[in-house]
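Peer 1: Each chain is listed here by its residues.
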Amino acid sequence: MSEENQVEEQPKPLILQKLETNYADALLAQDAARGTVVVVIHKEQAYAVLEYLKTDPELAYTFLVDVTAVDNSQMESELMQFDYARFMVVYQLYSYQGQGRLRVKVPVHENDLNIPSVTGLWKGANWLERETYDMFGIHFDGHPDLRRILMPDDFEGYPLRKDYPLRGRGERESFNFEKQNV
Amino acid sequence: MGLDFGQGAEQTDGNIITTTIDKVVNWGRKNSLWPMPFGTACCAIEMMATLASKFDLSRFGSEAIRFSPRQSDLLIVSGRISIKMMPVLKRIYDQMPDPKWVISMGACASCGGVFDTYTLIQGVDQFIPVDVYIPGCPPRPEDLIDAVIQVQQKITSGASPKGVEAVYE
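As given, the protein sequences belong to chains A and B, one line each in that order. For the first sequence, the numbering used here assigns the number 1 to the initial residue and increments by one for each residue that follows. For the second sequence, the numbering used here assigns the number 183 to the initial residue and increments by one for each residue that follows.
In isolation and in its complexed conformation, chain B is listed as follows (with noise of 0.2 Å):
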């Protein structure tokens, strides 16, 4: 079998698995992370090569993009947000059922990049939780791929997302 459902999963004599529901699930939800792109700036042109074929984000499960974000668990927010944006976004967020995760793609999405004026939000981590922030201006597609995976490793390690650890705080 090349299913691997983590520690705790054993294996007896090939027709039997033993698991917990969680580690299941867990394996479920990591193989089909569903994305909302908030995509507003030149990010997003990364984020839709990312999608395409040359990159082709569906090798790990993550290709079904959802426009609407009561469908979707990942929120990859690739872009400058400004002051008038973010309340949108933040009404986007609340909208994602739980439980969800949120990738703040670029410098300016995680702290303002160079865009250090009235208008523009200083990092979207002051007003929705952030998971994986990637660094770059934009970012290859490869750090996209590499952010996504690292949801991936968050889900099969078991740990709650950002948002859930923000409400039982």
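One chain only, chain A, in its complex shape (with noise of 0.2 Å):
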């Protein structure tokens, strides 16, 4: 047996195992990218997966590092590969139960922009679903508060998206000073 091939017998991860037997369904992709698992989900089981990931006692991915999205509007390899769905919420997870780090990315169709919130299962997911409200405009369905949280409230449009022009709309000449709260 060659070296090369003892490299490929790697166990596969426990998370990889744990979510094809029971969640087969909702698993539409799996990579590796730098020793961090990535696992695409299905949005319509994406609450209940990162619920299990969360309370299953063996994985316990009880720290939520991030949450962001990307526009894949620009990436015709991304939109071929998940049903050219324009925007992929990240949620970025760590477990201190050994299992490290895990990325769960979530594909958002552009006319239906709602995913539910998992405020209730981490409370620092509050502040960074606002984050990609604001920047995206995608809708946490059951967030407590989500307004914008970096742009000022009259901000109209969602700057991270590709369509977005780099140089504004006009905001930074034309702002209305009485609007806004101090």
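Hints are computed from structural coordinates only; laboratory data are not their basis. If you're wondering where the values come from, they're calculated on a predicted model, not measured in any experiment. No false leads were slipped in.
Cβ-to-Cβ under 10 Å is the rule here; a few derived chain A residues that face chain B:
{"#": "1", "residue": "Leu150"}
{"#": "2", "residue": "Met151"}
{"#": "3", "residue": "Pro152"}
{"#": "4", "residue": "Phe155"}
{"#": "5", "residue": "Gly157"}
{"#": "6", "residue": "Pro159"}
Over the 12 Å line for every Cβ pair with chain A, so calculated as not near, a few chain B residues:
{"#": "7", "residue": "Arg252"}
{"#": "8", "residue": "Gly318"}
{"#": "9", "residue": "Glu324"}
In this text, a Cβ means the ideal position worked out from N, Cα and C, and glycines have one as well.
Join the two chains, each given in its own frame, into one complex according to the hints.
Peer 2: Written out as structure tokens, the structure is:
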């Protein structure tokens, strides 16, 4: 047996084994990027899978590192792979039980930007989901306080979308001093 | 006497000085500028260095940093200003008592710098009058000291601050 084959015969990570057993139909794709397991989950079961990841005693992904999104509208390869879903909501998880890091991605179509909020699972998701809403316009259902967090309250548009112009639409030259709550 | 009251001040026999009230008042203002720091980015680090012992802005009478705009007469805008921050800066400027001067420190405050994006004010002088601009990214503490001296020269010359000119135009 050559050394190359030995490398390939590493056991499958526990997280992938468990997801394939319990949520095989929700698992759209799986990958490994620089030592981090990446799984793509169907939106309808996203909350159930995330709840499972947190509450399962062996996995125990109790730490939500980040919630963000990616606008794939100019990434044809990504779009084709996931039924032309424009956005990909990304959850970065960490388990102190020895499972390490996990990245959960959920494709979201532009015509249905709603996705369940995970604030019920991780309280730290509150501001992270607000930021994702502010920058990408993704609506987190069940979020206790879904307002803009970085941009002014009266800002229009979602600046991290790829179709938003870098220099804006004139907001920086003409904004209303009176309307802003200082 | 080591005091320089500028042109128009005459010293007669060593005991009497004739001058004008404006000149005396401006002499006092010039040597006791109280800065209001508005530090939002790395320029503020250079501003701190300017105030600390190595560069020591107090040599020029401006060491009394006031964090209340109502007690200050020199606004130092050091850092990038976003469209969400600009109303705050405007309100702080409005709260300062006249006469007041403004230093726009660094590329970001003066013209947006490298941040040519949707959220950043491309120069605070679009919204508040600026007396002295400092180039640099960030400027050296010497540059800030030079700007304070330029403000002092403006005061000595009797020129009105840009903000006062804007009101009477």
